[in-house]
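Taken in sequence, the protein lines are chains A and B. Per my numbering, the first sequence starts with residue 1, numbered consecutively. Per my numbering, the second sequence starts with residue 1, numbered consecutively.
Bear in mind the hints are in silico, worked out from the structure with no lab data behind them. Among the clues, some could well be false.
As the list claims (entries may be wrong) - Calculated cross-link-like contacts (lysine-lysine; reagent style BS3-like; alpha-carbon spacing at most 30 Å): (1) K14/A to K127/A; (2) K86/B to K31/B; (3) K40/A to K64/A; (4) K48/A to K64/A; (5) K86/B to K40/A; (6) K40/A to K85/A; (7) K38/A to K31/B; (8) K64/A to K41/A; (9) K40/A to K31/B; (10) K31/B to K87/B; (11) K38/A to K64/A; (12) K187/A to K127/A; (13) K24/B to K47/A; (14) K85/A to K14/A; (15) K48/A to K14/A; (16) K87/B to K24/B; (17) K87/B to K41/A; (18) K85/A to K38/A; (19) K41/A to K86/B; (20) K40/A to K87/B; (21) K68/B to K24/B.
Claimed, not checked - From the structure, some residues in chain A lie toward chain B, with a derived Cβ separation under 10 Å: (22) R7; (23) L10; (24) G51; (25) P55; (26) P58; (27) R59; (28) W71; (29) L72; (30) S73; (31) P74; (32) D75; (33) E137; (34) A152.
Only a predicted model underlies this, so the values are computations on that prediction, with no experimental measurement involved. Heads up, the beta-carbon is just placed ideally off N, CA and C, and yes, glycines get one too.
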Amino acid sequence: MSDPVFRGGLAGAKAIDGSISVSAIDDRGMIDLRGDIKDKKFVAATKKVLGISLPAQPRQSVNKGEVTALWLSPDQWLITCPRAKGAHLANGLQTALAGIHSLAVDVSDARSIIRLEGQGAKEVLMKGAPVDLLASEYTDGYVRRLRFAELAAMIHVVSSDPEIIDLYVFRSYAQYAWDWLAATSTKQSRLSLFANQSIASV
Amino acid sequence: MRINCPYCGPRPNEEFNVLGDATKTRPDADKATAQDWLDYVYERDNPKGRLEEYWHHASGCRNWLVVKRNTVTHEVYSVVAARDYKKTHPEGVKK
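With the rest of the complex left out, here is chain A:
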């Protein structure tokens, strides 16, 4: 029997160095976690396994060490951790949550993560989404799902200064999203939204 070998959705993609830097992250494990945040047993069990409290506030994330919990909806979170630990953590959650109305599934292969780094990362994303990412709420730890380049996507603002944003897309769309970003993040296509425009007056 041959053993399955993981190959990321963007395996072999060479990091792009344009107006910002774009790179693929394929060493993250992901767990889809659902449950009632008002249920004290659910909160206690998840905290025991993950070592962090799930973010109850909409659009927030909590990070400690290798584990991050991203808010997806009032009863759903995406837990990210090193890929090698994903299955183990999912098993731990399932054991701890036995008997509690909830769900924990290892979905490490469902999504691909593309990291955008550098001044102007938000402007690059804004070319593909009808969202003002420069608003003050898009600060460290902010999470939101959105339509990006016609895709169902999610962004996680890892850091707002310096700008580091993780873009989550479903794996089958990863190459499209990557090509889109490659074309849109070149040095020539940098936008300067609030700078003086050097257009000669007519």
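Place chain B on chain A using the hints.
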């Protein structure tokens, strides 16, 4: 049109899918006639003015919302999560 999702804040309507009339109540399965089901499943008014609709925040928190809006001006009067709406309208909304 922008919809103020109770969980995600103001969002463009491209992120939502519309289902339709939120004021219909599911008929009692034991007593309902074919006409009741026809009315519940298919028959819809097409009002000019105020409307209560189910919207799904498909590209956001994926929750069902009840949006009261105006079909003429696109003004949105209120947005509540469907689960909260049901608590305040247990019998459905009479027209």
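Verification of the supplied hints:
no. : hint             : in the structure
1   : K14/A to K127/A  : holds (22 Å)
2   : K86/B to K31/B   : holds (22 Å)
3   : K40/A to K64/A   : holds (21 Å)
4   : K48/A to K64/A   : holds (13 Å)
5   : K86/B to K40/A   : holds (25 Å)
6   : K40/A to K85/A   : holds (26 Å)
7   : K38/A to K31/B   : violated (37 Å)
8   : K64/A to K41/A   : holds (21 Å)
9   : K40/A to K31/B   : violated (41 Å)
10  : K31/B to K87/B   : holds (24 Å)
11  : K38/A to K64/A   : holds (22 Å)
12  : K187/A to K127/A : holds (15 Å)
13  : K24/B to K47/A   : violated (41 Å)
14  : K85/A to K14/A   : holds (26 Å)
15  : K48/A to K14/A   : violated (39 Å)
16  : K87/B to K24/B   : holds (15 Å)
17  : K87/B to K41/A   : holds (25 Å)
18  : K85/A to K38/A   : holds (28 Å)
19  : K41/A to K86/B   : holds (26 Å)
20  : K40/A to K87/B   : holds (23 Å)
21  : K68/B to K24/B   : holds (14 Å)
22  : R7               : violated (28 Å)
23  : L10              : violated (22 Å)
24  : G51              : violated (25 Å)
25  : P55              : violated (12 Å)
26  : P58              : holds (5 Å)
27  : R59              : holds (7 Å)
28  : W71              : holds (9 Å)
29  : L72              : holds (7 Å)
30  : S73              : holds (4 Å)
31  : P74              : holds (6 Å)
32  : D75              : holds (9 Å)
33  : E137             : holds (8 Å)
34  : A152             : holds (6 Å)
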